[in-house]
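With these hints in hand, go ahead and build the complete structure from the sequences.
Chains A and B, in that order, are what the protein sequence lines are.
By the count of the working numbering, the first sequence reaches residue 581 at its end, each step adding exactly one.
By the count of the working numbering, the second sequence reaches residue 581 at its end, each step adding exactly one.
Heads up, some of the hints might be wrong.
If several chains are the same, the list does not tell them apart, and a pair holds so long as it fits within one copy or across any two.
Within a straight-line C-alpha distance of at most 20 Å, the following computed SDA-like cross-link-like pairs (lysine to any residue) qualify [unchecked claim]:
| # | residue 1 | residue 2 |
| --- | --- | --- |
| 1 | 55 | 71 |
| 2 | 129 | 38 |
| 3 | 100 | 90 |
| 4 | 100 | 143 |
| 5 | 54 | 71 |
| 6 | 54 | 140 |
| 7 | 255 | 321 |
| 8 | 122 | 47 |
Hints listed in this document are in silico derivations from the structure and should not be mistaken for laboratory results.
Number of protein chains: 2
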Amino acid sequence: MRASKYLVPTEKENPSDAVVASHRLMIRAGLVRKSGSGFYFFLPLGLRILKKIENIVREEMDATGALEFELPIMTPSEFWEQSGRWSVMGPEMMRVKDRHDQWYALGPTHEESFSYLVKPLLKSYKDLPINVYQIHTKFRDEIRPRFGVIRSREFIMKDAYSYHLDEASLDATYQDMRTAYRKIFQRCGLKTIPVQADSGTMGGSASEEFMVVSPIGEETLLLCGDCGYNSNSEKTPFIAKAEDSPNGPKDKKEVATPGKKSIEDVAAFLNVRPQDTIKAVAFQNGKEKLLVFLRGDLELNEHKLKSYLKWSDLDMIPEPELKNSNLVPGFIGPSDVGEGFKVILDSSIQKDFAYVVGGGKEDFHIQGYVPSSEIKIQYETADVALAREGDPCPTCAKTLKAEKGIEVGHIFKLGDKYTKSFQIQVLDQQGKAKTLTMGCYGIGVNRTMATVIEQCNDDKGIYWPISIAPFEIGLVTLTKGEEQDAKALEFYENLKNEGFEVFWDERDLGPGFKFKDSELIGFPIRITVGKKFFESGEISIYNRKLDKDETFKFIDFDDLNTRVENLRQELYQELLGD
Amino acid sequence: MRASKYLVPTEKENPSDAVVASHRLMIRAGLVRKSGSGFYFFLPLGLRILKKIENIVREEMDATGALEFELPIMTPSEFWEQSGRWSVMGPEMMRVKDRHDQWYALGPTHEESFSYLVKPLLKSYKDLPINVYQIHTKFRDEIRPRFGVIRSREFIMKDAYSYHLDEASLDATYQDMRTAYRKIFQRCGLKTIPVQADSGTMGGSASEEFMVVSPIGEETLLLCGDCGYNSNSEKTPFIAKAEDSPNGPKDKKEVATPGKKSIEDVAAFLNVRPQDTIKAVAFQNGKEKLLVFLRGDLELNEHKLKSYLKWSDLDMIPEPELKNSNLVPGFIGPSDVGEGFKVILDSSIQKDFAYVVGGGKEDFHIQGYVPSSEIKIQYETADVALAREGDPCPTCAKTLKAEKGIEVGHIFKLGDKYTKSFQIQVLDQQGKAKTLTMGCYGIGVNRTMATVIEQCNDDKGIYWPISIAPFEIGLVTLTKGEEQDAKALEFYENLKNEGFEVFWDERDLGPGFKFKDSELIGFPIRITVGKKFFESGEISIYNRKLDKDETFKFIDFDDLNTRVENLRQELYQELLGD
Numbered sequence: 004m005r006a007s008k009y010l011v012p013t014e015k016e017n018p019s020d021a022v023v024a025s026h027r028l029m030i031r032a033g034l035v036r037k038s039g040s041g042f043y044f045f046l047p048l049g050l051r052i053l054k055k056i057e058n059i060v061r062e063e064m065d066a067t068g069a070l071e072f073e074l075p076i077m078t079p080s081e082f083w084e085q086s087g088r089w090s091v092m093g094p095e096m097m098r099v100k101d102r103h104d105q106w107y108a109l110g111p112t113h114e115e116s117f118s119y120l121v122k123p124l125l126k127s128y129k130d131l132p133i134n135v136y137q138i139h140t141k142f143r144d145e146i147r148p149r150f151g152v153i154r155s156r157e158f159i160m161k162d163a164y165s166y167h168l169d170e171a172s173l174d175a176t177y178q179d180m181r182t183a184y185r186k187i188f189q190r191c192g193l194k195t196i197p198v199q200a201d202s203g204t205m206g207g208s209a210s211e212e213f214m215v216v217s218p219i220g221e222e223t224l225l226l227c228g229d230c231g232y233n234s235n236s237e238k239t240p241f242i243a244k245a246e247d248s249p250n251g252p253k254d255k256k257e258v259a260t261p262g263k264k265s266i267e268d269v270a271a272f273l274n275v276r277p278q279d280t281i282k283a284v285a286f287q288n289g290k291e292k293l294l295v296f297l298r299g300d301l302e303l304n305e306h307k308l309k310s311y312l313k314w315s316d317l318d319m320i321p322e323p324e325l326k327n328s329n330l331v332p333g334f335i336g337p338s339d340v341g342e343g344f345k346v347i348l349d350s351s352i353q354k355d356f357a358y359v360v361g362g363g364k365e366d367f368h369i370q371g372y373v374p375s376s377e378i379k380i381q382y383e384t385a386d387v388a389l390a391r392e393g394d395p396c397p398t399c400a401k402t403l404k405a406e407k408g409i410e411v412g413h414i415f416k417l418g419d420k421y422t423k424s425f426q427i428q429v430l431d432q433q434g435k436a437k438t439l440t441m442g443c444y445g446i447g448v449n450r451t452m453a454t455v456i457e458q459c460n461d462d463k464g465i466y467w468p469i470s471i472a473p474f475e476i477g478l479v480t481l482t483k484g485e486e487q488d489a490k491a492l493e494f495y496e497n498l499k500n501e502g503f504e505v506f507w508d509e510r511d512l513g514p515g516f517k518f519k520d521s522e523l524i525g526f527p528i529r530i531t532v533g534k535k536f537f538e539s540g541e542i543s544i545y546n547r548k549l550d551k552d553e554t555f556k557f558i559d560f561d562d563l564n565t566r567v568e569n570l571r572q573e574l575y576q577e578l579l580g581d
Numbered sequence: 004m005r006a007s008k009y010l011v012p013t014e015k016e017n018p019s020d021a022v023v024a025s026h027r028l029m030i031r032a033g034l035v036r037k038s039g040s041g042f043y044f045f046l047p048l049g050l051r052i053l054k055k056i057e058n059i060v061r062e063e064m065d066a067t068g069a070l071e072f073e074l075p076i077m078t079p080s081e082f083w084e085q086s087g088r089w090s091v092m093g094p095e096m097m098r099v100k101d102r103h104d105q106w107y108a109l110g111p112t113h114e115e116s117f118s119y120l121v122k123p124l125l126k127s128y129k130d131l132p133i134n135v136y137q138i139h140t141k142f143r144d145e146i147r148p149r150f151g152v153i154r155s156r157e158f159i160m161k162d163a164y165s166y167h168l169d170e171a172s173l174d175a176t177y178q179d180m181r182t183a184y185r186k187i188f189q190r191c192g193l194k195t196i197p198v199q200a201d202s203g204t205m206g207g208s209a210s211e212e213f214m215v216v217s218p219i220g221e222e223t224l225l226l227c228g229d230c231g232y233n234s235n236s237e238k239t240p241f242i243a244k245a246e247d248s249p250n251g252p253k254d255k256k257e258v259a260t261p262g263k264k265s266i267e268d269v270a271a272f273l274n275v276r277p278q279d280t281i282k283a284v285a286f287q288n289g290k291e292k293l294l295v296f297l298r299g300d301l302e303l304n305e306h307k308l309k310s311y312l313k314w315s316d317l318d319m320i321p322e323p324e325l326k327n328s329n330l331v332p333g334f335i336g337p338s339d340v341g342e343g344f345k346v347i348l349d350s351s352i353q354k355d356f357a358y359v360v361g362g363g364k365e366d367f368h369i370q371g372y373v374p375s376s377e378i379k380i381q382y383e384t385a386d387v388a389l390a391r392e393g394d395p396c397p398t399c400a401k402t403l404k405a406e407k408g409i410e411v412g413h414i415f416k417l418g419d420k421y422t423k424s425f426q427i428q429v430l431d432q433q434g435k436a437k438t439l440t441m442g443c444y445g446i447g448v449n450r451t452m453a454t455v456i457e458q459c460n461d462d463k464g465i466y467w468p469i470s471i472a473p474f475e476i477g478l479v480t481l482t483k484g485e486e487q488d489a490k491a492l493e494f495y496e497n498l499k500n501e502g503f504e505v506f507w508d509e510r511d512l513g514p515g516f517k518f519k520d521s522e523l524i525g526f527p528i529r530i531t532v533g534k535k536f537f538e539s540g541e542i543s544i545y546n547r548k549l550d551k552d553e554t555f556k557f558i559d560f561d562d563l564n565t566r567v568e569n570l571r572q573e574l575y576q577e578l579l580g581d
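Next comes the structure, spelled out in structure tokens:
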């Protein structure tokens, strides 16, 4: 490709609304332009990268035997009503009414559509397992679109759905997908960590997210450097440290704590540690009311709580409403629960130890409260506390480290939620109708592109992994006069005919400008044929990632092609070796 | 690909809602399934065809130097307001409101988006011309979706937009697109006719549609077999035949025509031909009122009328309203026009000849009415009559023939409508700011797929042009026992390794079933390795289009591969030779 016939709208200045590297560089390198909040135009250079990522995803999905489809973006409301999600999906799901007043969703995900589609196609166990996917546009009306294409409202996803007769078959495909995802991201030059994730309220039995560690990540990951246990903090079980066992006063008595509502204030006032106390949090969900008690120093993990309860919503109960239930905010204790409340004790609470708890009335707490002997009401015990950096690893008890992460992929055992609501059954080997079980597997294509930039940039711009670079080679020629122009063309034709993907910058611009553009855009290999070549036959091959120039005397095209091919191979090898 | 690992949901029965061949066969061959009215799931076999068509379109567009983009489907209402089309586009444009109450259209076309995008990218005449395109999903809320993917509500289009400093440059790109479209459809094995088309109310100066002649077409084409003039009847100039010059009574007088309102009744009653009369049609458009007079035997062409007037709407004036304007329906004459009416005389009216016209009052006409001397009011003359089969060709005066056509592509000189509203200007060679001129070029990808089937089907099913067949070769093997299975696998591996695209039907089904499936789906080449091979070494190569089997003694794979490659080449050659 010749630069003069292409569109290279590079920018010197950072766009004012771009706060992360990938967003800044995608705009500056002329890969995308903004159409509106959360919407991006893909320009030719950017689209090439996107399509290369799509192709890698497609190749690896096909290699596992998955079958590619393309489903309508517009999904009828009936599909969503059948699964019960029309009312659950909330304002993130964009909805549109047609001229006959029929409602549709602009598919943010396609469990319903694929289930509707495959139901009549699956007739017997012989048709199983099946893994169906598409690479297509999705919509999500983010309340705060940001970070460029990392959190946009219209984006490309690969979404796959597998159907199985039994759990063993689901697990086999789940493991295949796990392997395929590792290959996909590796081939894209993206370092990811699979972490255990919340399987949410859908009743799934396993779920892993492929995370890119990044300071701009919106997820908190807890990683164990020792045993390799990694999880999203939404999911991490909380393991208490021995030194956090309560060691406050053991004699039970009511103590006045005037005006001391927060755990910090109470602990300081009574001269105990926060972990010697128990605090209460109150929630509601439509009709149900809930009180959760957990160790005073811990935070509640709403994801784990929702998963445990199988609630999709969780709203704090406002103070006035608590008072209506005879509960005194700041002073609620486990012996103090009115009618109609479900009660959960977080498993961080050691029931045979003495704690400081709310006194059940204004300005009083109780010390020396031993839950096992004192709690008279019905309660359930569950792990609903948020694990933190420094907590013990749930697998090996070594110390967890926290990182921020961006999710680029997600694999999920869905169970029978959709196969039940769409009544997807086949006859098994014994001729008995059996409801299938299901998995789903997503990859954010645009987000993969952006996170590669987050990992592969320096102060000059982007250095693309060769597998997804818009072009493998940037050829910069600097010529004066027809004779030199002709020689430059010879270089271009030679490289092109040799099968290299070449972006030839033959524009009538100064060397500084052309070098800067090529480094900003990030072609992995740059070949310069400039003044030195015409003076003394010297040309250079530049490795963008290493920012390293190799200068040598031009012998002939064979020699040049061998050098370029060697570097090209080396760069592909690097990806696999990582 | 192995059939047993694929999805081949062929159907024996025709779907009840499918009235055209392509719709029936796409469902029966398992290429698509219906999701809802006007929405289709693309299954793996169907998607392969769609992607092959997309690739042909992409290759030919790229070969012209056009640059591929991908734009958001959601286009902000502001873009449409800037061009004035938000209120004009009507209910076919689907609209959606986001959580911040901002309106978007699901892009049915992208003149606005591309214009918004390219405006800041085009800085000088050196950046021109530029031709930008995408291959992406479009939405159109058809009032009556039908014929499967031929008229659906969500579909893939290639839409291109070119920007130019002057008309000569636009014309060059327009001609390039014309050539590229011919190549694209030829490579897809689709016979198309470019016809002159209505350039609508957008002020464009030229427009051609690429039409597939088909009895199910919704457009009427008028074709001249002599000079090659082809046009959509929406656009065809009407040329009067000499024998249709009026030859009714020449003495002017009022004649009673009690109850004779229709042209047929009046003509019969007065013993003249319909072409000896003049009729009136009344329209309105918001505020303006219009009376059109044309020869009694002709139909009004509303497209030509709207084009002439540059009106986007045209509503008949109801009879009661006509009466309010002192016009008597059925008896309106050219001397009888009240205040506030614009008047058009169709150019079919020979103004120096005597006609029968409305008398201006109930139950009366005037005969011997010579427009040139009688009409006192202001009027304009314009060609607004519908040309018909049998009329003279506007180019060579030979006779026009009518055909029905389906539009698969459209090229259009848009002029400066969008470049003006988006103020797209660059500095020309003299440093003067100049507003650009624009072209647009569309291809319906799904519709191309369906119309190929309309042209390439017989009572067995589809016969795909090899260029877009889901697989080039269907290998049918019929085996018993492990040894024969192993031999079959050898055939498959050989063909695959030779680089052929093979669909191997190794399913445990009878030969009849497997042959029928392969003929229904329409692989261009079928190779059968069956009973006869295992008995006497005989195999067959079947040419699906010719429905012709060639049986021969198997010698070795080299011989087989040569035979297959020869047929494959022949089938590709056929496309180019057409």
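Hint-by-hint comparison with the structure:
no. : hint      : in the structure
1   : 55 / 71   : both (17 Å within a copy, 14 Å between copies)
2   : 129 / 38  : neither (48 Å within a copy, 25 Å between copies)
3   : 100 / 90  : both (16 Å within a copy, 18 Å between copies)
4   : 100 / 143 : both (17 Å within a copy, 13 Å between copies)
5   : 54 / 71   : both (16 Å within a copy, 11 Å between copies)
6   : 54 / 140  : both (13 Å within a copy, 16 Å between copies)
7   : 255 / 321 : neither (30 Å within a copy, 92 Å between copies)
8   : 122 / 47  : between (39 Å within a copy, 16 Å between copies)
Checked against the numbered hints above, the structure breaks hints 2, 7 and satisfies the rest.
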